[in-house]
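**Student:** Keeping their order, the protein sequence lines are chains B and G.
Just so we're on the same page, my numbering is the position in the first sequence counted from 1, plus 251.
Just so we're on the same page, my numbering is the position in the second sequence counted from 1, plus 105.
The set of hints was computed from the structure by calculation and includes no laboratory data.
Beta carbons are placed, not taken as given, at the ideal position from N, Cα and C, and that holds for glycine.
One or more hints might be untrue.
[Unchecked claim] Stretches of chain B that chain G covers, calculated by requiring three or more beta carbons in the stretch to come under 8 Å of a beta carbon on chain G:
{"no.": "1", "stretch": "264-273"}
{"no.": "2", "stretch": "288-301"}
{"no.": "3", "stretch": "312-322"}
Chain by chain, the residues:
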Amino acid sequence: MPLATYQTSVPVVVDDAKCIADKGCTVCVDVCPLDVLRISDLTGKAYMAYDECWYCMPCEADCPTGAVTVNIPYLLR
Amino acid sequence: MAMDEIVDGLSEVSCDVLVIGGGTAGPMAALKAKMKNPKANVVLLEKANVKRSGAISMGMDGLNNAVIPGYATPEQYTKEITIANDGIVDQKAVYKYAQSCYSIIEELDSFGIRFLKNENGDYAVKKVHHIGTYVLPMPNGETVKKALYRQLRRARILISNRYMATRLLTSSDGRIAGAISVNTRTAELLVIKAKAVILCMGAAGRLGLPTSGYMFGTYENAANSGDGYAMAYHAGAALANLECFQINPLIKDYNGPACAYVAGPFGAYTANNEDRRFIECDYWSGQMMLEFYNELLSGKGPVFLQLKHLHDKTIEEIEQTLHKVERPTRGLFQQGRGVDYRRESIEMHISEIGFCSGHSASGVFVDDNARTTVPGLYAAGDMASVPHNYMLGAFTNGSFAGLDAMEFADNHDFGEIDAAEIALERERVLAPTKREDGIPPNQIEYKTRRLVNDYLQPPKVTRKYELGMRRLAEVREDMQERMIARNAHELLRALEVQSIMDCADMAAHASLYREESRWGLYHWRTDFPEKDDENWFCHTLLSKRDGRMTSEKRAVQPYVVPIADDEKDLYDKQRIRASA
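Take these sequences, add in the hints, and give me the full structure.
**Tutor:** Right, dumping it as C-alpha cells:
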C-alpha cells in the first residue's frame, strides 16, 4: 500500500538566526520528552521533525539563546 | 550516520538495581537504593531524558496530598482516601505513605525545592479535599527536576537516556532477572541483567483520544504510553482495579488542569452556565466526576472554573503559578483565545480515559513496600496501585521501592536469563522494521484510541464493550502483521502503540469483570447501575496466566483506621443540595 505525506503546521518554531545548533548545541533535541526535534543536515539548525508535541516547554525554557518558541498546536488552539 | 537510522546491534550490561523511568518516582527510588548500598550499581533507564522527563517535566505547582503535623494526621488522611475510593483500599500502604511523606517533604526541601510558608515559617497548607487539609503550594515548583537531577549526579547514579524498555526478563523460578530495551534513536537493543527491577514508568496516558483530535494533546505527558502496565502484565505481575479509570476535569481543548487545586484556596470554584456552584468539593474523585459529567449533559453546561469574582491582585497571584509551573503554556493558550480570567471563566471539559493511580486507583498491584507479585520486581508512582498518590506519593513510594529493592539485590544473585527469550523479543521489537510495505504506527494508534473513545469510555455498556473488543482485535492483527517503521523514531511509536493496545485490552477486560458500578464515573456500568458491596467489595486483580488475560477478586485487607458507617458515603454527597 503506498504511503502519502500528511501536511501539518508544527507548533515548535526555531529562529535560525539565534539557533547555535551549527556550533554543536543540542539542548532542545536533548530535553524533549517526545523526542521530536532534530538538527537539519541542510541548515545545521534545530527544527521540529515530528508533529508529536505535548506543548510542555523544556525546549523553549532550556534553549541558551532564546531561539525556540512553543506555540499551541493548531488543532487545540 | 543520520539520527534515527536503524542500526543492527545488541549489547548486554548488568547492575544490582535497575530503575526504569526517570520522571518522579524513579529518581527517588534510584537515590534511595544507592544511599542504602553506595557500593552497588544502580542504573536509571529513561525513554526520554531524565532532565525533563515525566509528568513533572516543567515542575509542579504544589503537593496535593501532604500530611503535615498540625494540619492533618496519617489516620485522617487514610480515612479520607479510603472513603474517596469507595472503601476499596489496602490501608496499610496508604497509612505508611501518610506517616512517611512529611520526612520526604523535608528531604525535598533540603534538595532546594521550596514549599509555601506563612509569616511564622510554618507550611501554609490549604484545604481542597472533602474532609481534611493537605494541599501545599510550591512557589518555585519549576525547579523540581533540576534539583532531582543534581542529586542523581552527586550520588553517581548511572543514567541511560533514550532507551525504551520493552519487556522484563524473569528466570525459571519466576524471579525478576532484568529487562530488554531499545535505543529510540538507533533501534539497537540493550539487555540489562539486574537483581531487582523498579518500574516507575508513569500513567497509561495515551489510551483515550483527546477531543481536540491531536494525538499528543493528552492530559498526561504524552510519552506515558502505558509501557509499564504492559511490561508488568507480560511478566506475569498482577494489576489492580484497572476498571477504576482516570478521568479528569480539564481546560477544554488545552487538556491540562484548570487548576482548582491552585485557584480553589483563593476562592475560585467550579460553576455551571448559570454561574452557580453544583459540586461541594473540587477534589478529583469518581463521584465528583460523575456530577461534572451530569452537569455537562444537563443543559446547564458548559462547566467553568470561575475566577472573575476575585480581586485583581489575587488573580495575578494565581496566574503567576498557572502560567509558570507544570503546564506553562496555559497562559499562551488563554491569550490566544482572548480569555482574561478577570472577565471570563475558564471553559472546562472531561479528559480522555487512562490508567493512573496518581489520581485514581488503577495500577500494578503493590504492597506497602512497593513489591509487585513478581519477586524482585517493584513499582512506584502513577503506575503502581497505591491510590491517589500524586507527586508526593511517587516520591515517597519510590523511596520505599528503592530501599526494599536494594535489600532484595543484596540478598540475591542474578537470575538466569534464557537466550531464546531475548531472541524472540528482538524479533518482536524489530518486526515493523523488516517489512517493505504496511501501515504506519500513527494510523494504528489513532484507530486504537478512537475505538477506546467510541466503546470503552464511561458510561460502560456491555454490548458496546463486546463490539469494541472485536474491533480492537482486528486492529491488533494489523498491528502485529502489517505495521511498518521506517526509522528508529517510528519504531519508538510502533512499540508504544503495542503498549497502548495492551492497555486497551486490559481496560476492557477489567471493566467487564466487575459487575457493579463503583467510583462514580470511573466505573459506571449501565447494565449494573448499583454499587454491590455484597459481591464486589473487593479489589480485582488482572494478570496473564498461560498466555491469557484473567481477572480474580482479592479481599480488601482489614482496615488500620476504622471508618464509621455514617462516614462511608461522604464522597457520594458531592452535589450541592437545592435547599437546606
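**Student:** If a hint holds in the structure, say so; if it doesn't, say that too.
**Tutor:** To see whether the hints hold, each was checked on the structure:
{"no.": "1", "hint": "264-273", "in the structure": "violated (count 0)"}
{"no.": "2", "hint": "288-301", "in the structure": "holds (count 5)"}
{"no.": "3", "hint": "312-322", "in the structure": "holds (count 4)"}
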